[in-house]
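Enquirer: Listed below, chain by chain, are the residues.
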Amino acid sequence: MTLPQISLLIVLLPLIAAAIVGLWGRHLPRASAHWLTIAGVGAAFVLSVIVFKATLNGYTANYNLYTWLTSGDIQFNVGFLIDNLTAMMMVVVTFVSLMVHVYTIGYMSEDPGYSRFFSYISLFTFAMLMLVMSNNFMQLFFGWEAVGLVSYLLIGFWYKRPTAIYANLKAFLVNRVGDFGFLLGIGMVLYYTGSLDYATVFQTAPALADVQVTLIPNVSWSLMTVACILLFIGAMGKSAQVPLHVWLPDSMEGPTPISALIHAATMVTAGIFMVARMSPLFELSTTALSFVMIIGAITALFMGFLGIIQNDIKRVVAYSTLSQLGYMTVALGASAYSVAIFHLMTHAFFKALLFLAAGSVIMGMHHDQDIRNMGNLKKYMPVTWITSLVGSLALIGTPFFAGFYSKDSIIEAVALSNITGSGFAYFAILAGVFVTAFYSFRLYFLVFHGKEKWRKTSHSHDHVHAADEHHHGLSPQDDPHEPGWVVKLPLILLAIPSLIIGYIAIEPMLFGEFFSGVIFVNDEVHPAMAHLTHHYHEILHSPAGMALHGFMTLPFMLAAFGVLLAWFFYMKRPDIPAAIQKKFSLINQILENKYGFDAFNERFFAGGARSLGEKLWKIGDIQLIDGAMVNGTARLIGRISGKVRHLQSGLIYHYAFAMIIGVFLFLTFFIKIN
Amino acid sequence: MEYIKTDLITALPELTVLFMAMFILLLDLFIKPKNRIVIYGLAQFTLLAAAYFTVVTYNPSVGYAFSNMFVDDPLADILKLMTFLGTSMMLVYTRQYMQQRGMFRGEYYAMVLFALLGMMIMISGQSLLTIYMGLELLSLCLYSLVAFDRDNARATEAAMKYFVLGALASGMLLYGMSMIYGMTGSLNVAEISSALLEMNTKNPVLILGLVFVVAGLAFKFGAVPFQMWVPDVYQGAPTSITLLIGSVPKFAAFAITIRLLAQGLQPLAVDWQDMLLIMAVLSIAIGNITAIAQTNLKRMLAYSTISHVGFLLFGFMSANLNGFASSMFYISAYVLMTLAGFGMILLLSRQGFEAENLDDLKGLNQRSPWAAFLMLITMFSMAGVPPTLGFYAKFTVLQAALQAGFIWAVVFAVVMAAIGAFYYLRVVKLMYFDAPKDNARISAPVDMQLVLSINAAALLLLGIMPQTLMQICGVAIVISLQ
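As given, the protein sequences belong to chains A and B, one line each in that order.
Under numbering that gives the first Met the number 0, the very last position in the first sequence is 673; numbers go up by exactly one each time.
Under numbering that gives the first Met the number 0, the very last position in the second sequence is 481; numbers go up by exactly one each time.
Just to be clear, a hint being listed does not mean it is correct.
Residues from chain A that face chain B, not an exhaustive set, calculated with beta carbons under 10 Å [stated by the list, open to error]:
id: 1; residue: Gly57
id: 2; residue: Thr69
id: 3; residue: Trp157
id: 4; residue: Pro161
id: 5; residue: Ile164
id: 6; residue: Leu172
id: 7; residue: Ile651
id: 8; residue: His653
id: 9; residue: Ala655
id: 10; residue: Phe669
id: 11; residue: Ile670
id: 12; residue: Asn673
List of simulated lysine-lysine pairs, DSS-like, C-alpha gap at most 27 Å [to be verified]:
id: 13; chain 1: A; residue 1: Lys581; chain 2: A; residue 2: Lys450
id: 14; chain 1: B; residue 1: Lys361; chain 2: A; residue 2: Lys159
id: 15; chain 1: A; residue 1: Lys159; chain 2: B; residue 2: Lys428
Worth flagging that the hints you see were computed from the coordinates, not collected in a lab.
Source: prediction; values computed, not measured.
Heads up, the beta-carbon is just placed ideally off N, CA and C, and yes, glycines get one too.
Construct all of the structure, not just a fragment, from the sequences and the given hints.
Expert: Here it is as structure tokens:
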């Protein structure tokens, strides 16, 4: 098979599996749902590895498969751009997806929507692959919307729960805001370059660097700044950056496997991927990069704070995802696109691991998600315990672990950046290191160490977020059990890359030729990446050297301090956090309210839209549109319909009469006008 | 002798169908009723053989036979192949239906083949006489097929109406043809065209002839105000015959419209463009609006046909190659959709039960998700929802009309298409959101299920990949009209 054929198969296999399971899943044996989809995604993974190997040996391709339609001079193509970036994303997506497929066998084993779930996640894999493999904006947008759709369907997977419906509606609406910007950005690119094709757009873009656009009279902006910020607004929606982040924590209403796959490892990183792909555009606007960096820095730090006070195990991990996405965005802002992608990859592994481990804990605790009811689980769930520890250590950036290499590189790159906002960003992500370590190990200690708290809790107190129909929690006399191999195996397989992938990949990805020709950095204007490379080759020499050096740097100390403090607060002196909470009730209140974003949206946007809607509804809709137009039209059409129906009397001479009248009118009319 | 031989070879597909139709008629006298399936097989074989001969004698340029009365060009060959395919699918869909109602007889197949022969002659007609002859052969077969279930009062009534109105329309067409013959002195469309170029086209007699010819064509399509027969005949005829009337003859009607208007009367384009515009706008409006009030599925699809004809005329009225090609694309899409839509009614029907009311579709998703899904695709395609074939078909004809400058008509058509979406989506709503009224098992032969699935899937796939079909239509039109 040739590589183009393989690439096509990679995309189609998950789609075919999804279609079969989705359409006939109810009639097939239950097990066939997972066998079919795992076969599809598994094959896609193997083939992705083949393509990745080929790209490592220098294979790149950019071709159109077919033209969907042509409108004027614009062609809407479906095509693939296969290079190192694409191939790496394909491997990561299919690998994590495969792990999640296997894991789901255990997690969803009792769910009535078993085959539906497999169909959705396979469909998601297809959509995500279409997104990353695209060679043009239209297909990118298709993939973008398709992953959004599946995400929507999966957040509301348990569609009988009001909270799930609320959450998926929220995700849907917030993403509309982002997509609106994204679509405007694409429109702008199309308008000024006349093409949707990446290669053509990137070629034309430098010539447009000095073009100014006037959106409001007398104020003109650089075209590239406006276009890039609009595109980035799309990324803010999908990758949950402040202030469009509000949907991600609520998305935890979905089943845990999809939190791992969609809301941690792959879909939410689509925005990061997109900006990296668009590096030739973003490099043309330092203003846009500053915007990106500041948004990312805010997200990285402030979302981390929120992780500290959460008690739902999945929400802690969700806020950590938000904060890590912020890190990636900051790296994009510093023009360190390759570092952002690197962090995307390491994060995909360790965050998927943490989510799946959280899911394992949830299963062990009989669907109780409150970490205050857990403790000492290391005794009962050793595999989950060890893999969680690996994941947490990777997350906080312990030297030699995967997360260390990517996170440390981000911090270094920002330190070396010179654009507006880099000072603030540097501070934010440094502080973020401490916060990350603190909440991660708060979670870790509360869950795996300490007293077995479920033994004395009665399950009467409020689990706001854990309310689901099969929620019963663990009885005080029961021991939690570790789930079977289908759950443990993905944990172990994800723990391995969380440990070593950084060590292996940092040199080629960041400082080698891996991304040459794929990611474009203007070293003269944005020299951070060049300095970083220089620094690495001059001082650190090797991944091991970097790790050893890492032990002596400020980020490591901050992380270590965070871990120690978490241990001290939650293991040694549990009374201190409570006291602090009392003393600083205002701050606590702010954090509890998540800075008021939700309340603001609820009151201003939702409420405002509702009251505006109500007015429009009462005056515009009921009186004008419904009364005069729609019902009027409907009445009119109904009346016409009724009238016309009478013409169809069933009497043959009426029909003949109509024909003759028709001919007669035509004759009169046309002979007269001639 | 040599001349006759080449003539006969050119018409080999027609001769095959003619011979086989007569053979089937004879064979039916000797065959036992339980062996009638042989006749069905023979009919399918005939289609295959005719298709084979059409491919073998495929003519990549334009050739004439029988003293220029018969033309063999890519347009004719491709339309014939499409007609064979459609007829073959129709035979697959209707077999069980005819068996269950005691209509599985040799005459049915003979009649269908004769009708097919009529269509083929229309498609290859290059002279007013051949065109008229083909048209009459087709029409007479269809009249009698509508009355095939002769003890059914509704069917005979429908046949009667169809016959009387059809005779009237035939008369008009013939009258118009005679005027044009009188003015130009020729029956050959190419000669008519060159004669017209040299005379004053404002002559009232010419206009008179044109109006009558257009009226005759419009009747065949079922365009307003010559649409009256469509709902009654669609509803009254046995569903299998409705399927036939609604689908492949439209290819033939398309062909004679091309031959008469685009080839013969092209110099009068300014006039017939306006006539088509009026009919197109009225058809779309009346078709879509009246369809809303229907409770009978067959009747609803009849009105839907009228609106589709309106869209089809949008391509014609551009009066350029691009417009004709998009019309050809539209007619192919339309036939595929009609086959799928009526095929679905046949699928849901069973012994003693006609699934022809909208209520019969209620809760179909619970009875058979697959059938519901196929119907969903068909309805989406008819409504023109992307990425189905119907969307692309509407898109191309409207684009052609837009380029020809009919901006307001296009805007109107789009608004009407939105109104039309209502009744298609109502079907989807009934299938997916309502509780089923009857829970009888859906049983159909495997071949029918398979072909129907492919048919509906094609509506989706061709919508995603329309280029090949579009190219075929473009090539056929460009080579044959230049």
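Enquirer: Does each hint fit the structure? Answer for all of them.
Expert: Verification of the hints:
1. Gly57: Where the cut-off is 10 Å and the nearest Cβ of chain B is about 32 Å from Gly57(A), the hint is violated.
2. Thr69: Hint on Thr69(A): holds, closest Cβ of chain B at ~9 Å, below 10 Å.
3. Trp157: Hint on Trp157(A): violated, closest Cβ of chain B at ~21 Å, above 10 Å.
4. Pro161: Since the shortest Cβ distance to chain B is 21 Å, the answer is violated.
5. Ile164: 18 Å, violated
6. Leu172: 24 Å, violated
7. Ile651: 5 Å, holds
8. His653: Interface hint status for His653(A): holds (8 Å vs cutoff 10 Å).
9. Ala655: 6 Å, holds
10. Phe669: 5 Å, holds
11. Ile670: Holds, about 5 Å.
12. Asn673: 5 Å, holds
13. Lys581(A) with Lys450(A): This hinted pair holds, its Cα atoms lying about 24 Å apart.
14. Lys361(B) with Lys159(A): Holds, at about 24 Å.
15. Lys159(A) with Lys428(B): 21 Å, holds
In summary, the structure is inconsistent with hints 1, 3, 4, 5 and 6 from the numbered list given earlier, while agreeing with the others.
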